[in-house]
Amino acid sequence: GDQVEQSPSALSLHEGTGSALRCNFTTTMRAVQWFRKNSRGSLINLFYLASGTKENGRLKSAFDSKERYSTLHIRDAQLEDSGTYFCAAVGYGNEKITFGAGTKLTIKP
Amino acid sequence: EAAVTQSPRNKVTVTGGNVTLSCRQTNSHNYMYWYRQDTGHGLRLIHYSYGAGNLQIGDVPDGYKATRTTQEDFFLLLELASPSQTSLYFCASSDRGQNNQAPLFGEGTRLSVL
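Quick mapping for you: the protein sequence lines, in order, are chains R and B.
In this text, residue positions in the first sequence follow my numbering: the first is 156, and each later residue adds one.
In this text, residue positions in the second sequence follow my numbering: the first is -9, and each later residue adds one.
If you're looking for bench data, these hints aren't it; they were derived computationally from the structure.
Nothing here was measured: the structure is a model prediction, and the numbers come from that model.
Glycine included, every Cβ here is placed at the ideal spot set by N, Cα and C.
One thing to keep in mind: the hints can contain errors.
Unchecked claim - Quick list of in silico lysine-lysine cross-link-like pairs, BS3-like style, CA-CA up to 25 Å:
{"#": "1", "chain 1": "B", "residue 1": "Lys55", "chain 2": "R", "residue 2": "Lys251"}
{"#": "2", "chain 1": "R", "residue 1": "Lys251", "chain 2": "R", "residue 2": "Lys192"}
{"#": "3", "chain 1": "R", "residue 1": "Lys209", "chain 2": "R", "residue 2": "Lys251"}
{"#": "4", "chain 1": "R", "residue 1": "Lys192", "chain 2": "B", "residue 2": "Lys1"}
Said to hold, decoys possible - Counterexamples of contact, computed for chain B against chain R with all Cβ distances above 12 Å:
{"#": "5", "residue": "Ser(-3)"}
{"#": "6", "residue": "Thr5"}
{"#": "7", "residue": "Gly6"}
{"#": "8", "residue": "Gly7"}
{"#": "9", "residue": "Thr10"}
{"#": "10", "residue": "Ala42"}
{"#": "11", "residue": "Gly43"}
{"#": "12", "residue": "Gly53"}
{"#": "13", "residue": "Lys55"}
{"#": "14", "residue": "Asp63"}
{"#": "15", "residue": "Phe65"}
{"#": "16", "residue": "Leu67"}
{"#": "17", "residue": "Leu70"}
{"#": "18", "residue": "Ser72"}
{"#": "19", "residue": "Pro73"}
{"#": "20", "residue": "Gln75"}
Take these sequences, add in the hints, and give me the full structure.
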């Protein structure tokens, strides 16, 4: 079945630095969505992309359906960025939404 | 305003108990989904549906039934709850990408099976 491989599973950054999270897909996906899980356990939508790139503040996401991957870049990381981030990919035709296993991001002072 | 509403938000039951989790969407979306989320895992798809009366099997369906009674309502049924079903459950709806709209997720239902 459709699989989504998310990496890294955990990431530690110092404030002010940046890095990227990545999701690779085993099949071609129609769209991708990125979330952060907040302290109450709810999913906060960060980005939804059917193609190309989107940017919002210190976050930027890219999705390449043909190459079967998506990335989430964080720059100038702040303490409040800590949390678990998920990608979710939408399959063509079946509209099945498959999640990656998540990246636990820790921002250190 | 587009929304996915789950009820109850918290539920405690005993092993062998009968539980129904409810999800309602007011977005006129065709697709609805039920997921469970456990530590160390992403959200895992239990069942989903593309319309009233339809049911598609997800990746972790064992021990769960689901029913889509209307376009708006999707129910997850645990007829003989087990402790392994203690989890955080999310419902979602989607419009198949029409209008480039993102899938919408509920706030989650925390279920504990004692």
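Quiz item: Among the hints numbered above, which are violated by the structure, and what are their numbers in rising order?
Solution: none
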